[in-house]
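Respectively, the protein sequence lines represent chains A and B. Residue numbers are given in our numbering: position 19 of the first sequence equals residue 10, and the series is strictly consecutive. Remember, our numbering sits 370 above the position in the second sequence when you count from 1.
Don't read these hints as lab results, they were simulated from the structure. Please read all numbers here as calculations on a predicted model, not as lab measurements. Be careful, since some hints might not be right.
Coverage of chain B stretches by chain A, computed from C-beta distances (three or more under 8 Å per stretch; other residues unrestricted) [unchecked claim]: (1) 455 to 463; (2) 601 to 608; (3) 832 to 845.
From the three backbone atoms N, C-alpha and C, an ideal C-beta is built for every residue, glycine too.
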Amino acid sequence: MEYWKNENEPIQAFVKLFQAAMVDDELSTGLKKVNQLILFDYTEDGPNCSFWMDCRSGNLNVGPGKPSEEPDMTMSLSADDAHRSWSNKLNPVMAITRKKIRVKGSAVGLLKLVPKLKKVAEIYVDVLKDLGWEDKILK
Amino acid sequence: MYGNTGKIIVVDLTAGKIEVETLPETDYLSYIGGSGLAARLFWKRGNIQADPLSPEAMLLFTNGPFAGLKLSGASRSSIAGRSPLTGNWGDSSCGGYFAPELRYAGFDGIILTGKAAKPSLLVIEDSAIRIESAQAYWGKGIESVNRSLKEKFGKPWRNLVIGPAGENQVKYAMILNEAHHAFGRAGFGAVMGSKNLKAIVVKASSKTMNLADSEAFEILRQKLNPRIKGALASDVMHVNGTAANLEGGVYSGDVPIKNFTSNFWQEMAESLTGSVLSEKYLTHGSACAHCAIACKRNVAVMEGPFAIPDGPGPEYETIVSLGSMIGSMDLAAVCKAGRVCNDLGLDTISTGVTIAWAMEAYERGDITPDDTEGIPLAWGDMETVIDVLIPAIAAKTGKLGSLLAEGSAAAARHIGKGSSDYTAHSKGLEVPAHDPRGGGHGLALAYAISPRGACHVAFPMLFMEMGACFYPEIGFEYELEPKTDQNKAESAVIAVALGSIENSACFCQFADREIGIPEWVELFNTVAGYGWDIDAMMLAGKRVFYLKRLINYLYGRTAADDVLTPRMLEPARDGEPEGIEINFYGMKDAFYRLMDMDMVKGIPVKSALVACGMVEEAGRVW
């Protein structure tokens, strides 16, 4: 991995990112519209390198590992590309076209997040700073 | 011949004469099919200089080699000729069910000339072809004529029908298949109307096709169909239609607002996007022939001033053109406006963009109450749009209806006062619902160089800029940054050849994206037996683009016509692209050089034509 020392680091950052997003008015509204249980699967970088986000029925929860239920959608990519993606430095359409991102299940809900990616990236910068990982911030 | 039948129906409506001709295989090998084949036939045998609304004008319907295959996206067809809206080469593509039925009946296309003495109907039943009276249908809307034709001939018969707008020769009248699928652009409904041809119906008794290598095609089909169906874009369009990502488009600045004066309107984005259409008004999705994407919408608005019964619903272009472009975020009103345009037979893009221009002109005082005969034009006034403007345009009634029925470019020339500066068109064809300032600067180039005028589907530039294309075999393996000019000329060279192939193959742009370049070659070879490699296929695409450019040259179009209006090149006023300038002329010059095009004449230099095997064509222009 280019940006991470081990498989725990990205999950720590991404879970914290979505915990922060869930208390942001604009993003929490957007996340609720997603209305899906999503697994973000980075296991190509380690068996425990994954987290889930549950946006169903107006509730918002996030956690490391795999969800207890079958996800509505699984998004598989590398932890490095996930870092680029949350930093708004990866064109998701291109990444999907080039198979860098593999999507299983319906991505209909995820489209609701597309307009919010800029805001997600802003929060992600703050999260990385909070974790003392300024060196990981992509310019 | 394989895939193609090699046969076309040639109809002289003046004489009532119908013939079936066999085309030489070289026409297909050189120009593929669809709009490429149409350009070839038009060049060879059309009265090119004829007024498009005169009996001498030629109107061509052409299939691609894949029409009728059980393959998602394969069964679109082309219509072509001289556009009454632009006066230039025009072509338009339509999905639905007409193309496969015509193929099963044994034909690759229809060439129409002349003018019937009375309203007529062309009936094709296998090899039996006749002309019947359409007096009973003349003056009626497309929905009721579609129903009447189904009652008279039976549900399996497929049709193409024009509405009152076509009969009245509105310059952007369209033609509908099954009252749902549109030959929308360039005004060929008016050409049909000028020939007194209300409709064409077709029915085949068998559905067999003769393929070059059926076994190899079947293996390919089994690979492509699941991939096309399973693609992320197909999934979201299956659920929420072609407007599925309208909201994302607004945030990137791609969605035009109020005659291209704004690139961001959050409330509108949340009101008009595809998921809202699904939640509020969708009754069921539907599909073109043999397509698993099924992006078509059927909607009902149950109550309120814009109530409409269950029927065809709007797709992305209609939602934007009759929504945000004219300042409305009322989705029920958009559904009704689209339905009214469909029934009257008006292209929703040109209708919306022309009305948007008129609204701005009225706001500026360039169009006065005297010009409108007292009808006020205000952004988002959908009652006036639906109840007054659209019917007036279709009927060409009153000063305003007559003015707007000519299209925005002609209307602005008539009004003057600098109002052409804020039209949105290229070569007279109104700009569709993607703003290049936000969607991608390469799209500005694509709009300008497109032979038919501003068109988002002539070439896959929009898809290339958004990242939905990856073609290492033909040199497109780099990333494009939409809001810059970087690599746009180079990628446009690839786009014009590839787009010409896709449109000549009459394939759907959404399904196209899942087909790799070697698979395109395999499709042409297993279905039509073209015996191509990648180079031969790409050369055919380039040849099609060149030929359409030559036809436009015969109309006096030159490099000076490959432009966008000042409005389209202003830096965006808000949204993500705010303040960014498009280096339009830099991209254009680079593209011309890379395509071996003469910087003044706007056509390929003689040696480039000869290198493409276009010796006769070169002799006619050089």
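For each hint, the structure was consulted:
Given a C-beta distance limit of less than 8 Å, the hint that chain A covers the region 455 to 463 of chain B is violated, as 0 residues qualify and 3 are needed. Evaluation of the coverage hint for the region 601 to 608 of chain B: fulfilled, as 3 residues show C-beta separations to chain A shorter than 8 Å, against a requirement of three. For the region 832 to 845 of chain B, the stated coverage by chain A holds: 5 residues have a C-beta nearer than 8 Å to a C-beta of that chain, and at least 3 were required.
Of the numbered hints listed earlier, the single one contradicted by the structure is hint 1.
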